[in-house]
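S.K.: Given the sequences, and given the hints that come with them, work out the whole structure.
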Amino acid sequence: MKKKIFLIAGGSGGHFFPALSLYKSDEKKLFDYFFLVDDRVEKLAKNNSCKFENVLTPKFTGSIRQIITNFFGIILSIIKTMYLFIKTRPNLVIGFGGYTSIFPIVLAKILGIKTLIHEQNAILGKANRFLSKFGTIVAVTFKKTKFSPINSKFTGIPIRKKINIKKTTKKKILLIVGGSQGATVFADVVPEILKFFDKKFKKEILIIQQVRNEDYDKLKKRYEELGINCILKKFFKNIYKKISISDVVMTRCGSSTLAELQLFTKFAILFPLPSSMDDHQKMNAKEFKKKNECLIVNEKNIDYSYIAKVLQNKFFEKKKLVNKNLKPYNNSLLDLIKKIVS
Numbered sequence: 001m002k003k004k005i006f007l008i009a010g011g012s013g014g015h016f017f018p019a020l021s022l023y024k025s026d027e028k029k030l031f032d033y034f035f036l037v038d039d040r041v042e043k044l045a046k047n048n049s050c051k052f053e054n055v056l057t058p059k060f061t062g063s064i065r066q067i068i069t070n071f072f073g074i075i076l077s078i079i080k081t082m083y084l085f086i087k088t089r090p091n092l093v094i095g096f097g098g099y100t101s102i103f104p105i106v107l108a109k110i111l112g113i114k115t116l117i118h119e120q121n122a123i124l125g126k127a128n129r130f131l132s133k134f135g136t137i138v139a140v141t142f143k144k145t146k147f148s149p150i151n152s153k154f155t156g157i158p159i160r161k162k163i164n165i166k167k168t169t170k171k172k173i174l175l176i177v178g179g180s181q182g183a184t185v186f187a188d189v190v191p192e193i194l195k196f197f198d199k200k201f202k203k204e205i206l207i208i209q210q211v212r213n214e215d216y217d218k219l220k221k222r223y224e225e226l227g228i229n230c231i232l233k234k235f236f237k238n239i240y241k242k243i244s245i246s247d248v249v250m251t252r253c254g255s256s257t258l259a260e261l262q263l264f265t266k267f268a269i270l271f272p273l274p275s276s277m278d279d280h281q282k283m284n285a286k287e288f289k290k291k292n293e294c295l296i297v298n299e300k301n302i303d304y305s306y307i308a309k310v311l312q313n314k315f316f317e318k319k320k321l322v323n324k325n326l327k328p329y330n331n332s333l334l335d336l337i338k339k340i341v342s
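In the numbering used here, the protein residues as written are 1 to 342.
Treat the hints as calculated values from the structure; they're not laboratory data.
Check the hints yourself; a few may be wrong.
Stated by the list, open to error - Straight-line C-alpha distance at most 25 angstroms; calculated DSS-like pairs for lysine-lysine:
hint: 1; residue 1: 167; residue 2: 144
hint: 2; residue 1: 289; residue 2: 314
hint: 3; residue 1: 195; residue 2: 300
hint: 4; residue 1: 291; residue 2: 161
What the hints assert, rightly or not - Now the in silico label distances, taken between C-beta atoms and shown as ranges:
hint: 5; residue 1: 293; residue 2: 170; range: 33 to 41 angstroms
hint: 6; residue 1: 196; residue 2: 169; range: 20 to 28 angstroms
hint: 7; residue 1: 217; residue 2: 164; range: 33 to 41 angstroms
hint: 8; residue 1: 65; residue 2: 274; range: 31 to 39 angstroms
hint: 9; residue 1: 286; residue 2: 1; range: 39 to 47 angstroms
hint: 10; residue 1: 299; residue 2: 198; range: 19 to 27 angstroms
hint: 11; residue 1: 80; residue 2: 299; range: 38 to 46 angstroms
Please read these numbers as outputs of a predicted model, since none were measured by experiment.
From the three backbone atoms N, C-alpha and C, an ideal C-beta is built for every residue, glycine too.
M.R.: What follows is the structure, encoded as structure tokens:
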């Protein structure tokens, strides 16, 4: 019988996708995986055919009435999680950060179930900082992760196997992905940058961009006025395929995205999210720059003409990018899991 592993992956795609990549990277399916999620990522779990249960906890925010309701929601979540743990008796429970991982990891420790937490960012998040004090094994994406325990395991971040997709256009592709907290910023910023492009270059590029519904019509019109071809979508299901065919990528600095940029050796223009917890996106970007070619931009002080110049140079230079990391694909988290449950 296969050993059971529970993956705690609620809150956001930033927590869910590394868990999903771990699951998919185990091509031999050595273990039986089960996801614990919340409302915010339940759709992602369904779309990826994961076995899951929505049990994770709501926040203590809002009105007094909401706080009381959420309190009972938390109690119910704890009961459901404990029932699942006692019923299935997993061999390992892995938390991927965020406050939603706290109760399941603590419950697992109380029940004597082995636990592991994975930190995706260059600074240990508050939930993982708290959980690291309970004797839980800590795995980190970056060697120099701020606030990580001295005995942390450097595993990198789980990412899918590299698949090269054949490019079907001669145009230079600029891929722009921002997520819910970046798409609107890029909808404003990118047209301002492209205004500084030479006219002949505008005809030679293709924009593939993630946009919010409310920005679609405005952005489509602006690109038409600039004479630039574009493909605009709210969500790209297989974003790694788009990364594979792109020439330059403009993005926020989530660690999963950065890992895939490193895997495919892409030049990136990075816009760290200013409101990210503990400013972790800026730290992610700085760590990424140590091993990869990129431009880090402060969105509060943007030099549009300079970025346009960098873009044009990268689009049309003949020099091939070289990744300074000798091991761009690091999936030693799966190796660590094998050791823990063996």
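S.K.: State for each hint whether it applies.
M.R.: Evaluation of the provided hints:
no. : hint                          : result
1   : 167 / 144                     : 36 angstroms, violated
2   : 289 / 314                     : 16 angstroms, holds
3   : 195 / 300                     : 19 angstroms, holds
4   : 291 / 161                     : 20 angstroms, holds
5   : 293 / 170: 33 to 41 angstroms : 23 angstroms, violated
6   : 196 / 169: 20 to 28 angstroms : 23 angstroms, holds
7   : 217 / 164: 33 to 41 angstroms : 34 angstroms, holds
8   : 65 / 274: 31 to 39 angstroms  : 32 angstroms, holds
9   : 286 / 1: 39 to 47 angstroms   : 45 angstroms, holds
10  : 299 / 198: 19 to 27 angstroms : 25 angstroms, holds
11  : 80 / 299: 38 to 46 angstroms  : 41 angstroms, holds
This entry does not satisfy hints 1 and 5, going by the numbered hints stated previously.
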